[in-house]
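2 protein chains.
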Amino acid sequence: MKQSQTLIPTLKEIPADADVTSHQLLLRAGFIRQNFSGVYTFLPLGKKVLNIVEKVVREEMDAIGGNEVLMPALQSADLWRESGRWDKMGPELMRLNDRHEREFVLGPTHEEVVTSIVRDEVKSYKQLPLTVYQIQTKFRDERRPRFGLLRGREFIMKDAYSFHLTDESLDASYQAMYDAYSRIFTRLGLNFRAVIADSGAMGGKDTHEFMALSKVGEDTIAYSTASDYAANIEMAEVYDNYSPSTETLKELEKVSTPNKKTMQEVADFLGHPIDKGLKTLLFKADESFVLVVTRGDHEVNEIKLKHVLHVENIELATDEAARELLGADFGSLGPIGVSEDVQVICDLAVKAVANVTCGANEDGFHYVNVNPSRDFGEFTYEDIRFIQEGDLSPDGKGTIKFAEGIEIGQVFKLGKFYANQLGAEVLNDQGRAETLTMGCYGIGVSRTLAAIVEQHHDDAGIVWPKQVAPFALHLIVVNSKNDEQVALGNALYEQLQAAGIEVLYDDRKERAGVKFAESDLIGLPVRVTVGKKASEGIIELKERKSEEKEEMTIDALMAYVKTI
Amino acid sequence: MKQSQTLIPTLKEIPADADVTSHQLLLRAGFIRQNFSGVYTFLPLGKKVLNIVEKVVREEMDAIGGNEVLMPALQSADLWRESGRWDKMGPELMRLNDRHEREFVLGPTHEEVVTSIVRDEVKSYKQLPLTVYQIQTKFRDERRPRFGLLRGREFIMKDAYSFHLTDESLDASYQAMYDAYSRIFTRLGLNFRAVIADSGAMGGKDTHEFMALSKVGEDTIAYSTASDYAANIEMAEVYDNYSPSTETLKELEKVSTPNKKTMQEVADFLGHPIDKGLKTLLFKADESFVLVVTRGDHEVNEIKLKHVLHVENIELATDEAARELLGADFGSLGPIGVSEDVQVICDLAVKAVANVTCGANEDGFHYVNVNPSRDFGEFTYEDIRFIQEGDLSPDGKGTIKFAEGIEIGQVFKLGKFYANQLGAEVLNDQGRAETLTMGCYGIGVSRTLAAIVEQHHDDAGIVWPKQVAPFALHLIVVNSKNDEQVALGNALYEQLQAAGIEVLYDDRKERAGVKFAESDLIGLPVRVTVGKKASEGIIELKERKSEEKEEMTIDALMAYVKTI
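Chains as they are written, first to last, in the working numbering: chain A, 88 to 651; chain B, 88 to 651.
Bound conformation, chain A alone (with noise of 0.2 Å):
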């Protein structure tokens, strides 16, 4: 493509409004544009990387079966209701209604769509299991769009669904969608973790999330050292290999600590590390109270025990709650001695502990030398902390670390909320009717193109991968009035097309220097330069990630292509 008939708006300055990386380089090489807040045009440049991204979400859908379709925008706002996301989710679902005033939404997912077309074409066991998929525009009506691509309002998704009788079958499409997403993002040269994440409200099983490693993502990923384990921060399991410390017990004694609120306050004023301090919460759970006891050092993560709980809500209680239930404030609570009615629960940490602080439910007053198993009522160990940096991996391989990601795609066990709302049935091989079990996988394509942009670019631009480059080469013209550069460039222009490569060919009559800019801007892999030595038939050749410059004749050039 010659760059005098495309258009490729390169900006020498920072857009005001954007603040991420790949925001900032993708408007500044032309790549997209925003038409108003959180809804973009791809610009040529960005059209043709989206269309590689494509091109490899569907070649790997394919390999593993899956079944292209194309299911609208619109959706009925009656499906909506029979599976009771039309209640459930808020402002950021579009509506809409239509000439006659019929309700419509516009799709930010397709679960109903595909499950009533399921149910209504798929009668037979022998039909399954069926994996379909499509790569389509969505729809989301965030409050605060922002980061470009990252967190856009309508923006294009890869989702598929699959449909199974049972759960091993299941598991075998989960398994084969999750190897497929690992083969994308590996081709698409991203450098992404597969966590384990929380599978939410929806009353489904396992999930992954396919986290891009990124500074600029909007979650923690804790991930081994030493073996693939990833997970969120807010699932990573810790590894239970605590056993009872060796210390001798010693009297149980309660100290004065008068305004000693804090872990770190009380630690100071008796003299030992935050770890030798017990940390006493007390939560409501739904309509009950709980008390939740960590090491001093640990954090408390409510997700986790939600779980442990099987409640819908928590929240730390209020100070008068704890005032009335165990007699002090918080900085004051403990397990020791409370009421029957109040559950206790330790984290699994504190199995290790002897000799330990922790309050008195007394104000300004801590007990020491507290041993759990000796000194407390009736408790359970349970695993509710975060984990953290240095811990041991849940798979005992390597120690954790923390890193932060950008969700690039999810794959979920749905299981049968679906089918079960919209009543997706079909007869087994007792010719009796069951209800379909489901799973599904979404990939954010723009967002992938993003997400490479943040892992791919250094201070002079994008440094893209070849495999998803917009052209393969940059092919420029130092001096567009000298008649032999020109030439040179015609020719090579047309020599590499004929050879199958990918050019952009920079014709314009622009400053050298501007026309250098904006190529490392752009980022092709290999910019040729045709400059002073043309008439020698000479050029030269810079790979755009290792800055190596070379000069060389044009046959050696094409030779070199070849091997692109």
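It cannot be assumed that every hint is accurate.
Any copy, or any two copies together, can satisfy a pair, since identical chains are not distinguished.
[Unchecked claim] Capping the alpha-carbon separation at 27 Å, the derived lysine-lysine pairs in DSSO-like fashion look like this:
| hint | residue 1 | residue 2 |
| --- | --- | --- |
| 1 | K619 | K213 |
| 2 | K337 | K348 |
| 3 | K142 | K553 |
| 4 | K213 | K89 |
By construction, these hints were calculated from the structure, which means they are not laboratory data.
Given the coordinates of chain A, assemble chain B onto it according to the supplied hints.
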């Protein structure tokens, strides 16, 4: 693809609400399903054909230097106010509000969006001409969606826009686009005509509609039996080869024609053919009255009349107006002796008449032996009638025939309308700001799919042209309980796929009759049947179109498929 692993829900019965062949067959053969009125899902087979159509469109757009982009479906209402279309378009424009009560449009086209981008990003004539295109979902809230994919509310369009400084540049891009469209529809196996069409209200100039000939078409085309000439009948010019009659002029005479009102009644009463009478109609054109005269066997074309008169609105005058202005009812109107205030326009064919009949502006009386140039006051000759079958073609080559057509594409010289409304200017080579001129070019992608089926089917089902078939070959095992047949079927499936043939393999445990009927319905170009002679390594090959069957060995089959 194994049929057991995909979703091809065929129907034996014709769905009650499917009123045209393409709609019936695409439903029955399991290519599409309706989600609700005017909104469809493309099932795996339908999506495969859609992908093929899109690929052809993309290749031909790229070949003429089109730059693929992707603009959003959500468009700001403000842009539509700038263009004036927010008010001009009625309820077919889908409108919605976001959570902040800002108004949006779901794009039926993208003139506003693309013009706003070019306005903001293109600053110099050096960046022109520029052609961008996209393949994208559009929305249009049809009052009465019908004919399946032919008139839906959510559909796929290829829309392209070109931007220019000069009319000559626009002409060149228009011609390139016209030629590309011809190649696209030829490659898709369509019998089509590029017809001259009405440029409508937006102030544009040349426009051609690409019409797939079909009896379900909503438009009538006039085309030449001997040349490329084709036009919407509303636009077809009449070839002006009329020369004055050589008859001897007889004396004008007023005769009584009691209660004879229609042309036929008067002709019968006076004993002459209908084309020996003149038809006179009074029109109200904006605020003036115009008397329009045609030969008795011709019909006034109001669109031509509007163009001739340069008016916005035209309608037949009321009886009251005729009586007040001319002193008679409609059945007895004529152009002789009318006031000079009334404009008189005669159709070109009137040039060649002699000694004809016309109304006398007196109820129940006509003139006979009328000769216009002798008897009429001031008048002009204009081309104001509908062309008729049998007329000479306007290009002088052949005669005119009529056909019905489905509009599958349109090319349109929009001119400066949108650029003016949105203020899209560039600096010309003198450094002065000039308003852009613009072309727009559409292809109904999903509609094209339906048009192909309208043209390619028989009583048994669809007959896909090879180049758009979802699979090249349908492989069928007659008896799925026969191990030899199944083994050969499986082996052939592998072998054909390895040879790069796209195979649909009916591996289901269905009766042979069902498989054959569904195979004809789906309509792949070649069917390969593994039956009783499996043990001898012999299969049957059937061409869907010719219905020719042939038994052959596996080797012969593999040699044959190389020719596909």
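Each hint tested on the structure:
no.: 1; hint: K619 to K213; in the structure: between (70 Å within a copy, 25 Å between copies)
no.: 2; hint: K337 to K348; in the structure: within (24 Å within a copy, 123 Å between copies)
no.: 3; hint: K142 to K553; in the structure: both (15 Å within a copy, 23 Å between copies)
no.: 4; hint: K213 to K89; in the structure: between (53 Å within a copy, 13 Å between copies)
Going through the hint list in order, the structure satisfies each hint without exception.
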